[in-house]
Structure formats: structure tokens, C-alpha cells
Amino acid sequence: MSMNPFCEIALEEALRIKESGLASEVVAVSMGPAQCIDTLRTGLAMGADRAIHVDYSATLYPLSVAKLLKALVDVEKPGLLILGKQAIDDDCNQTGQMVAGLLNWPQGTFASKVVLDKEKKVATVDREVDGGLETLSLDLPAVITTDLRLNQPRYAKLPNIMKAKSKKIEKFTVQDLKVEIKSDLEIVQVTEPPKRKAGINVSSVDELIDKLKNEAHVI
Amino acid sequence: MAALSMLKSLRKCATHHLSNFRPSFCHHVASISRSLSTLVLAEHESGSIKASSMSAVVAAACLSEKSSISVLLAGSGSSLHEAAKRAASCHHSVSQVLVADSDKFVYPLAEPWAKLVDLIQQEHCYSHIVAASSSFGKNVLPRAAALLDVSPVTDVIEISESHLFVRPIYAGNALCTVRYTGTNPCMLTIRSTSFPVPLMSDASENEAPISQVDLSTFDEDDFSKSRFVKNTSQDTDRPDLGNARVVITGGRGLKSAENFKMIEKLAEKLGGAVGATRAAVDAGFVPNDLQVGQTGKIVAPELYIAFGVSGAIQHLAGMRDSKVIVAVNKDSDAPIFQKQKERISSDMKPANKHINHHI
Numbered sequence: 001m002s003m004n005p006f007c008e009i010a011l012e013e014a015l016r017i018k019e020s021g022l023a024s025e026v027v028a029v030s031m032g033p034a035q036c037i038d039t040l041r042t043g044l045a046m047g048a049d050r051a052i053h054v055d056y057s058a059t060l061y062p063l064s065v066a067k068l069l070k071a072l073v074d075v076e077k078p079g080l081l082i083l084g085k086q087a088i089d090d091d092c093n094q095t096g097q098m099v100a101g102l103l104n105w106p107q108g109t110f111a112s113k114v115v116l117d118k119e120k121k122v123a124t125v126d127r128e129v130d131g132g133l134e135t136l137s138l139d140l141p142a143v144i145t146t147d148l149r150l151n152q153p154r155y156a157k158l159p160n161i162m163k164a165k166s167k168k169i170e171k172f173t174v175q176d177l178k179v180e181i182k183s184d185l186e187i188v189q190v191t192e193p194p195k196r197k198a199g200i201n202v203s204s205v206d207e208l209i210d211k212l213k214n215e216a217h218v219i
Numbered sequence: 001m002a003a004l005s006m007l008k009s010l011r012k013c014a015t016h017h018l019s020n021f022r023p024s025f026c027h028h029v030a031s032i033s034r035s036l037s038t039l040v041l042a043e044h045e046s047g048s049i050k051a052s053s054m055s056a057v058v059a060a061a062c063l064s065e066k067s068s069i070s071v072l073l074a075g076s077g078s079s080l081h082e083a084a085k086r087a088a089s090c091h092h093s094v095s096q097v098l099v100a101d102s103d104k105f106v107y108p109l110a111e112p113w114a115k116l117v118d119l120i121q122q123e124h125c126y127s128h129i130v131a132a133s134s135s136f137g138k139n140v141l142p143r144a145a146a147l148l149d150v151s152p153v154t155d156v157i158e159i160s161e162s163h164l165f166v167r168p169i170y171a172g173n174a175l176c177t178v179r180y181t182g183t184n185p186c187m188l189t190i191r192s193t194s195f196p197v198p199l200m201s202d203a204s205e206n207e208a209p210i211s212q213v214d215l216s217t218f219d220e221d222d223f224s225k226s227r228f229v230k231n232t233s234q235d236t237d238r239p240d241l242g243n244a245r246v247v248i249t250g251g252r253g254l255k256s257a258e259n260f261k262m263i264e265k266l267a268e269k270l271g272g273a274v275g276a277t278r279a280a281v282d283a284g285f286v287p288n289d290l291q292v293g294q295t296g297k298i299v300a301p302e303l304y305i306a307f308g309v310s311g312a313i314q315h316l317a318g319m320r321d322s323k324v325i326v327a328v329n330k331d332s333d334a335p336i337f338q339k340q341k342e343r344i345s346s347d348m349k350p351a352n353k354h355i356n357h358h359i
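Line by line, the protein sequences give chains A and B. Under our numbering, the residue at position 58 of the first sequence is numbered 58, and the numbers go up by one with no gaps. Under our numbering, the residue at position 239 of the second sequence is numbered 239, and the numbers go up by one with no gaps.
In isolation and in its complexed conformation, chain A is listed as follows (with noise of 0.2 Å):
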């Protein structure tokens, strides 16, 4: 299993503020079957510290995975939730608001950047928007989600990754965490959208206009 685009850039971002002395440690979630765990020994291999797995086979829906987040978080108390913004498989973008109403957090989505104050503990984050960008100051802790531009993630060196292979990934179940997965939503066939048209050359810039004007009366 690979690891979500959106993810990468989070936990990278994690990683970042640990660096630059403002976390102690950042800790790489994953919830799925046992196959997460070649995602996690990834999040190992870039810098993250400790990781846990939260191990369920059949489908868990966004909310399902806020209410487990809600639970670790719980747990672990931690002083900041990073989380991709979207997977790019399902495109849902809801889990990190929903963890964010769960928790009664403040939220940040669609960061593209993320400025920690430690002393003041509040987090100022630049969102893209539809209008452009909007910059929000959130007390600590918060929920943020992550955008396309807000760092590259770096690649794990070799030496890390088998580091990696040592470090130890903690387990949880469902039932540990006590939360009751409920299925509200049921995948009635995924199918291919309709097909379009096949386009055509056109020779000259003449051509363009006059089909254009003519034939497909656009402009």
C-alpha cells in the first residue's frame, strides 16, 4: 500500500516542527488492514518517532476514522492533529474537519502554510480558498489539514528505512479504542464515466475560429 499523496506532506510538515524545536515527537497514525504497516514503516523511515496502527479489515468510512482519531487522541494527547486535506483515491476531504467537531477543536483545512508560536501555543495557518488565500489563528491544540503547496515531502534515506525496520509499531483494535463502527453509507457500483467524444486537428488557427464560431457556436 502506498501512502496518500496529502499525507506525505503532512507528516512532513510534522516532522518540520519537530525539527525546528516546537514538538517533542511526532507519531504516524494508520487505520486499515495489516498492509498499513508498509505505510507506517515508510512514516518511520522519514523521521517519525513512534507509530500506531489501528488495525480493521472491512471498509472504514471517514467518520469511523475521526470517531478512532478521536479515541488515540484521547490517548495520547497531543498538542496538534496534521492530516492530508483529501485522499486521492475516495476525494472525500472530511476527516480532519470531522475530528475537528468531535474534538471541539479548532480547525485549519486546506493549509499551505503553518507558522507555530510554542509560547503563545496558537498555530497561524494560510488556507487556500476559492477566493485565494485566507489566514487563520487557531489556539493549541488544532486539527489542520494539508494542501498541495505547503512543503515537499522529503525521500527517506536507506540508512533510515532499515532503521525503520526496528522501530516499534503499536496496535490497537476497534473494541481497545471502544468505538462502535457504523455503517451509514453502502457502495451501491462504481462505473466508468461516460465517454467523450473524440476530438479532432484542427490545421490552422482559421480553422479553430471558424469551427468554433460556426459549428460549435461558442463563441
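In short, the hints are calculated from the structure, not lab data. Positions of the beta carbon are idealized from the N, C-alpha and C atoms, including for glycine. One or more hints might be untrue.
[Stated by the list, open to error] Derived coverage of chain A by chain B (criterion: at least 3 residues anywhere in the stretch with Cβ under 8 Å from a Cβ of chain B; other residues may be distant):
(1) 67-79
(2) 188-200
[Unchecked claim] Quick list of in silico lysine-lysine cross-link-like pairs, DSS-like style, CA-CA up to 30 Å:
(3) B:Lys265 - B:Lys255
(4) A:Lys168 - A:Lys118
(5) A:Lys167 - A:Lys18
(6) B:Lys261 - A:Lys113
(7) A:Lys77 - A:Lys18
(8) A:Lys18 - A:Lys163
(9) A:Lys70 - B:Lys225
(10) A:Lys120 - B:Lys85
(11) A:Lys197 - B:Lys230
(12) A:Lys197 - B:Lys330
(13) A:Lys167 - A:Lys178
(14) B:Lys323 - A:Lys211
(15) B:Lys261 - A:Lys213
(16) A:Lys211 - B:Lys261
(17) A:Lys211 - A:Lys18
We have chain A; now place chain B onto it with these hints.
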């Protein structure tokens, strides 16, 4: 302090099969049509309802033949009340406008908004709650859904039945039909481009009643933890990218911010909006709010012209539903040529000058 980083592990794509799927944004299934009550979370600006929120109203009206829609607006001041008046007669299915007037809503922050939705739902028990899939809707609705213990369905492009929806996955390379099987409310965000607002408006002659939401139980402390600092946005006369009829996009192939001026000129001539690929934004040619793509804006204009755009999947995800796509690129093997309707393989600058000259 410890930082907890949540990592998602991506699985390989599950089974899928072909089907003759004819998309039309609204299906009315011939079954017992239940009378539904829907709350639409609406945004307003300068006294008007935002176009994306109007799409949310159109979508809400699709949920059932008998829909009664309440439009929720929050903010403070005269522009809020002006917007409320407009909302009251914007669509024949709107039966009520709810106004939350408070300093806490001067900026649409997720924390007070989610609490507001929770408060209103506890009182009114809507069957559905709908918002547009704008940065506001995406930010607020899932948080509200968690407070209401509901799994929302986000980025819906088609409403098949009152609890059956179609949404894109894998950057739009697959469509997922999902049924909500939980208790009320059923919560969704909708893609505005899939629910166009008709030109001949469904405006009502009747003005729906406007009520003030009772905010006396709103706790001050809860919302001081999140503060708006500032906004940086481009003030432009050009049409909004999300609902422009024509979009002209520049990609990395344009090579400089200077060259983007040609795109702007052409957009001006055609009365269109300017878009950009992620590569162009990353390179600093244009600001981020012009980005079209999987994680940028989704557009579906009548005419989409792409200059120097290779056509990465993530970009196509944002514009594949455009009526006519024109791609101009030196590289005739670029992936975008798989998708477009008209194409012209040539050098950018002369092509652009030529088009500009002729239109």
C-alpha cells in the same frame, strides 16, 4: 508537545464494471415521492446569494418532487438582510429563510457554523442538509455532520433518488453510486457545475418568510479559539472562474508570468475567466485561486481553451465536463489530446496572437 500525523494507506482500485450511464443531474424516480424538508447552507456576498449556493438550492429541489427548502444565511449587518430578502424569492421551493445575525459570523468560520447547523437541526429536524462543494461547504459541512453523527456524501454530481447519489472518485476517473442508509439528516455537498442555475430563473413571486435564529444559547468561549486574520484575494472584473461561460487556461508551457498576459487579453476579448494548471501556479506565474484541477477549482464552461497544458489527470479532473475543449500545444503527444474536442498543435505565442487578432 507531540504532533500526531494521520496517514492514509491507498488500496488498489476495487472492482468496477461498465454501465450505460447517461448523466442528467436530476432523476425523478417514479416511486412514492416523499415530502422532504431540506436545509441549504448558503453563502452571500455584497447582499447577493452566491451562485454556488443557488446551485445548492437547485440540487435541494431535485431531492424530491415535493421539497420544502429552508435557506440558512449567517453574517451581520445590512448586506446579510439584503441577501435574506433575495433568498426569500430566489426559488419556488424555498419556503423559509433563516438568518443568524451575529458578530461570530462576520467571517464564515467552520466552528461557529457547524454549531449553528447542529443547533438548527436539533430544533427543526430536516431530512436533508445541503451545501455547495465550495471551500466554505467543504470546510463546514463535514464538521457539522460529525456533530450530528452522520456520514455525509460530498461532491455529489447527480441525485438519483432522495438518498442515492453519484460522486466522482479517483480524480473523476470513476463514478461511485452511494446510498445513505442512516437516520435523518442526510447530508451532502454538491458540485455546482453539475447543478446549473437556469437562466430563466425559478424565482418565486412569493417571498418566503424570513426568521431570525435564536442564538442565545451560543457559548462565547467555544469560538474564540479560531480567529480570522486576513484574506488575500484578487479583485478582478472578470467573471468568476467557477461559473464562467468561457475559460482560458495556461499551463507550464507558457513559460512565464509575462506570457500569461496574452491569456488575460484573450479572456477579456471572449468575456471569459482565466484558469491555470497546478504547474503554472507552483511556478509562480499566477496566484492559486486560478488553479483548475482535482484539488483546485472544478469548471464546466461552454468553451475551455488550454494553452501549453499537458493534460495531467489531476488537471483533467477539473475541466473534463467542459462542452468544447480546445488544446493548443507544441507537443502533439500530450495527454490532453486524448480528451479534447478540437485541437491545434502549434507554437503558443503566434497561435494566441492570431486568435486574439481574429476574434
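Against the structure, the hints:
With a threshold of 8 Å between beta carbons, the proposed coverage of the stretch 67-79 of chain A by chain B holds, since 7 of its residues qualify and at least three are required. Counting residues of the stretch 188-200 of chain A whose C-beta lies closer than 8 Å to any C-beta of chain B gives 11; at least three are required, and the coverage claim holds. Between Lys265 of chain B and Lys255 of chain B the alpha-carbon distance is near 17 Å, which keeps this suggested pair within the 30 Å criterion. The hinted pair formed by Lys168 of chain A and Lys118 of chain A meets the criterion: a straight-line CA distance of about 28 Å does not exceed 30 Å.
In summary, the hint linking Lys167 of chain A to Lys18 of chain A is supported, as the alpha carbons are separated by about 18 Å, within the 30 Å threshold. At roughly 28 Å between alpha-carbon atoms, Lys261 of chain B and Lys113 of chain A fall within 30 Å of each other, so this suggested pair holds. Note on Lys77 of chain A and Lys18 of chain A: the hinted pairing holds, with a Cα-Cα distance of about 16 Å set against a maximum of 30 Å. A C-alpha spacing of about 19 Å is found between Lys18 of chain A and Lys163 of chain A, which places the hinted pair at or below 30 Å, so the restraint holds.
For the proposed pair Lys70 of chain A and Lys225 of chain B, the alpha carbon gap of about 19 Å is at most 30 Å, so the pair holds. The suggested pairing of Lys120 of chain A with Lys85 of chain B is violated, with an alpha-carbon distance near 43 Å, which exceeds 30 Å. Proposed proximity of Lys197 of chain A and Lys230 of chain B is contradicted: the alpha carbons are some 45 Å apart, above 30 Å. Proximity of Lys197 of chain A to Lys330 of chain B is assessed by CA-CA distance (about 22 Å); at most 30 Å being required, the pair is judged to hold.
In summary, the hint linking Lys167 of chain A to Lys178 of chain A is supported, as the alpha carbons are separated by about 26 Å, within the 30 Å threshold. Taking the CA atoms of Lys323 of chain B and Lys211 of chain A, the gap is near 14 Å; set against the 30 Å cutoff, the hint holds. Note on Lys261 of chain B and Lys213 of chain A: the hinted pairing holds, with a Cα-Cα distance of about 24 Å set against a maximum of 30 Å. Among the hinted pairs, Lys211 of chain A with Lys261 of chain B is consistent with the structure: their alpha-carbon atoms are about 25 Å apart, no more than 30 Å.
The straight-line distance between the Cα atoms of Lys211 of chain A and Lys18 of chain A is roughly 58 Å, outside the 30 Å bound, and the hint therefore fails.
Checked against the numbered hints given earlier, the structure breaks hints 10, 11 and 17 and satisfies all the rest.
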